[in-house]
Amino acid sequence: MTVTNTADARGPQPTGRAPAAIALRGVHKSFGSVQAVHGIDLDITSGEIVAFLGPNGAGKTSTIDIILGLSQPTAGTVAVYGMPPREAIARGLVSAVMQTGGLLKDLTVAETCEYTASLFYHPRPVAEVLTRAGISSIADRRVVRCSGGEQQRLRFAMALLPDPELLVLDEPTTGMDVEGRREFWAAIRQDAAKGRTVLFATHYLEEADDYADRIILVRHGKIVADGTASEIKALAAGRTVRATLPDPDLARLSGIPGADQVEVRGDTVLIHATNSDAVARYLLTSTPARDLEIISRGIEDAFIALTSDDSETISTGASQ
Amino acid sequence: MTAPVAIPDLTTRRAPGLGGFNLTVLKLEVRRMLRNRRTLLFTMVTPIVLFLIFGLNKAYADQTDGRGNVSAFIMISMALYGAVLATTSGGAMVAVERVQGWSRQLRITPLSPVAYIVIKVLTAMVLGAASVAAVYIVGALVGKPSMPVSLWITTGLSVWIGSLIFAAFGLFMGYLLPSENVPQILGFALLLFSFGGGLFIPLNQFPHALQTLAEYTPLYGLNQLVHAPLHGGSVHAAWVANAVVWLVIFAGGAVWRFRKDTARV
Numbered sequence: 000m001t002v003t004n005t006a007d008a009r010g011p012q013p014t015g016r017a018p019a020a021i022a023l024r025g026v027h028k029s030f031g032s033v034q035a036v037h038g039i040d041l042d043i044t045s046g047e048i049v050a051f052l053g054p055n056g057a058g059k060t061s062t063i064d065i066i067l068g069l070s071q072p073t074a075g076t077v078a079v080y081g082m083p084p085r086e087a088i089a090r091g092l093v094s095a096v097m098q099t100g101g102l103l104k105d106l107t108v109a110e111t112c113e114y115t116a117s118l119f120y121h122p123r124p125v126a127e128v129l130t131r132a133g134i135s136s137i138a139d140r141r142v143v144r145c146s147g148g149e150q151q152r153l154r155f156a157m158a159l160l161p162d163p164e165l166l167v168l169d170e171p172t173t174g175m176d177v178e179g180r181r182e183f184w185a186a187i188r189q190d191a192a193k194g195r196t197v198l199f200a201t202h203y204l205e206e207a208d209d210y211a212d213r214i215i216l217v218r219h220g221k222i223v224a225d226g227t228a229s230e231i232k233a234l235a236a237g238r239t240v241r242a243t244l245p246d247p248d249l250a251r252l253s254g255i256p257g258a259d260q261v262e263v264r265g266d267t268v269l270i271h272a273t274n275s276d277a278v279a280r281y282l283l284t285s286t287p288a289r290d291l292e293i294i295s296r297g298i299e300d301a302f303i304a305l306t307s308d309d310s311e312t313i314s315t316g317a318s319q
Numbered sequence: 000m001t002a003p004v005a006i007p008d009l010t011t012r013r014a015p016g017l018g019g020f021n022l023t024v025l026k027l028e029v030r031r032m033l034r035n036r037r038t039l040l041f042t043m044v045t046p047i048v049l050f051l052i053f054g055l056n057k058a059y060a061d062q063t064d065g066r067g068n069v070s071a072f073i074m075i076s077m078a079l080y081g082a083v084l085a086t087t088s089g090g091a092m093v094a095v096e097r098v099q100g101w102s103r104q105l106r107i108t109p110l111s112p113v114a115y116i117v118i119k120v121l122t123a124m125v126l127g128a129a130s131v132a133a134v135y136i137v138g139a140l141v142g143k144p145s146m147p148v149s150l151w152i153t154t155g156l157s158v159w160i161g162s163l164i165f166a167a168f169g170l171f172m173g174y175l176l177p178s179e180n181v182p183q184i185l186g187f188a189l190l191l192f193s194f195g196g197g198l199f200i201p202l203n204q205f206p207h208a209l210q211t212l213a214e215y216t217p218l219y220g221l222n223q224l225v226h227a228p229l230h231g232g233s234v235h236a237a238w239v240a241n242a243v244v245w246l247v248i249f250a251g252g253a254v255w256r257f258r259k260d261t262a263r264v
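Residue numbers (numbering that gives the first Met the number 0), protein chains in the order written: chain G, 0 to 319; chain W, 0 to 264.
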C-alpha cells in the first residue's frame, strides 16, 4: 500500500514467464495544453480485478484509450501481454466495454454479435455470449429498441466473443438504474470467477469496493493510491488536522511523527495523520498555527479527499 | 490482490486473415442497407420514376439513336443516375457509423481499417448493382427501350463499374462531413452533377459557356462512356480523362480523410 505523489509507486512486478497483462511506463497524454495523463506507471498481472477509481476528468478514460490503442501516449510506453495494444486486440487477448455509443441502431442484438464474432479468429458462439450476458431473450430485438442497460449488456456480450484474457470496462454502469447495475455486475462477477483479468474505471466508490481486488486511485492524471480495498479503507482510519499557518515549512511538517500526508493550500495546511493528537500538539506548541480543526473522515470522505482538490469536500466530516 | 492465476497461453491466439474481412460482415452490411427504407426509396424508386416519365414520351422515345432508340438512351442515363445515388449513399454510410461510434467500436476488434473500407465499397457496389438492375428490369417490362441484347449487358456493366467512382465520392464525403444528414446533402450534389453530366437534359441544349463548364463536372466523362456502346462511335480521350481524374480526386480525398480519421479517433 502506498500513498504518494511521485510516480511508480509499485515498481515493476516480478514477471516470471508471463508478461504482465498491462504494463505502463511513464505514460503521459496531453491534448494541446491540457495534461490528461501525467506520468502513470502501472503493472497489472493476470487474474487481478482492478478498479480505476477517480472523479470525472481524472484521466481514467484517457489511460484506458491508451491501453486499448485508441490513442497514442504523448510520452511513455504501453504493452499489453508484452505486445502493442493493437496486436493484442487483433489476437483477441483484450476486449472492452465502452461507456456509450458503439452500436449500430439498425442491427438486432444477435446480428451485432454475429458481425463482431465474424471478425475474430476463433470466437465463442453467439448464443453462448448472449446467455452469459443475460440477453438471450432479446436476441432478435433491434438495438434502437433496447434500454440503456440492455445495450450495455450487449456491449458486454460483444466483449466476451474473443474469450479475452483481459476485459476492460470504462464506467460500465453509467446511466443504469440500481437494478440494472446489480445485474450487470452479477454477470461480470460470474464471468471473472473463471480467472479473467478485469480492469474497470468507475467513479462509484461502492463499485470499486464491492468488485475489485485492487483499487487504483487516480487524480489529475496521476496515481495517488494503489492497494487492496481494505488498505484503501484504512486511510479513513486516520484524521485530518487543519490549521491556518502562514509560510508553512513543508519538510518540517512532513517530519512530524504520525503525519502521513501533508497538503498546503495557501495559508491552510491539511495534515492527514494516524496520531492527530501529536500533530495538533506540535502545531500549537512549535508553530504559529491557529484556527486548528481536527476532522475525522468517513470512508466516503477518504476517497473524496484523495481524489479531489476541492477543499469544501473535506469539511463535510465532523469537527471535534 | 489475488495471486497470479494460470499463465495465459498466448500461442493459441491469432489474428484473423485478410484483416478481418469476411462474407458474414458483407451480408449484414447489405441487410442493413435493405432495411433503410429512405435509402432504398431514394436510390431505387427515383431513377425508375424518372425513366417512366422521360423514357416513354411518345414524341421521341421510338426515335433511332445509334444502335438503339432514345428510350434505351434514357434508360441508360437513369440507370447511371440510380447507380451513383446508390454507391454514393453506400460510401457515405461511414458518416453515420462515425456519429454512432461504430467506427471506434470496430477499432477494438481485429478488423483493419483497410478491410473496413473494402467492405464499405463492396456494400455500395451491391446496392449499385441492384439499382441498375431495377431500372433495366422496368425497361424490359415496359418494352419501350430497344437495343441489341449484348448492349443491355455491356451498357449495364459499364454503368455499374463506372459507379465505383461515386463509391469513392461517398466515402470521401462521409469522412469529410460527419453528419447523419450527409445522404441528403449528397443527393443535392448528385442532382447538380447529373445536370452537368447531361443525364437529364442533353448538353447541346445548354448555352455554350455552360456546356464548356459541364464538360469538367464529375459525371460528364462517365455518362459519355456508358452511352458509347449504344452510339457505336469512338471513345474520346477527354471522357476517359474526366472519369480517371475524378476517380483519383475522390479516392485520394477518401484516403486522406480516412487517414486523418484513424489517427484521431
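Treat the hints as calculated values from the structure; they're not laboratory data.
Where hints are given, some of them may not hold.
Here are the in silico distance ranges between beta carbons for each label pair [what the hints assert, rightly or not]:
(1) W:PHE187 - G:SER146: 51 to 57 Å
(2) W:VAL234 - G:VAL143: 46 to 52 Å
(3) W:ARG37 - G:SER135: 16 to 22 Å
(4) G:LYS104 - W:LEU22: 33 to 39 Å
(5) G:TYR120 - W:ASN203: 22 to 28 Å
Sample of chain G residues facing chain W (criterion: CB under 8 Å; computed from the structure) [to be verified]:
(6) ASP42
(7) VAL77
(8) ALA89
(9) GLY91
(10) LEU92
(11) LEU106
(12) TYR114
(13) GLU164
(14) TRP184
(15) LEU283
(16) THR284
(17) SER285
(18) THR286
Computed far set for chain G versus chain W, every beta-carbon distance over 12 Å [what the hints assert, rightly or not]:
(19) GLU86
(20) ARG90
(21) GLU110
(22) HIS121
(23) GLU149
The C-beta atom is built at its ideal place from N, Cα and C for all residues, glycine as well.
List in ascending order the numbers of the hints, as given earlier, that are violated by the structure.
-> Of the numbered hints given earlier, those the structure breaks are 1, 3, 4, 5, 6, 7, 14, 15, 16, 17, 18, 19, 20, 21 and 22, listed in rising order.
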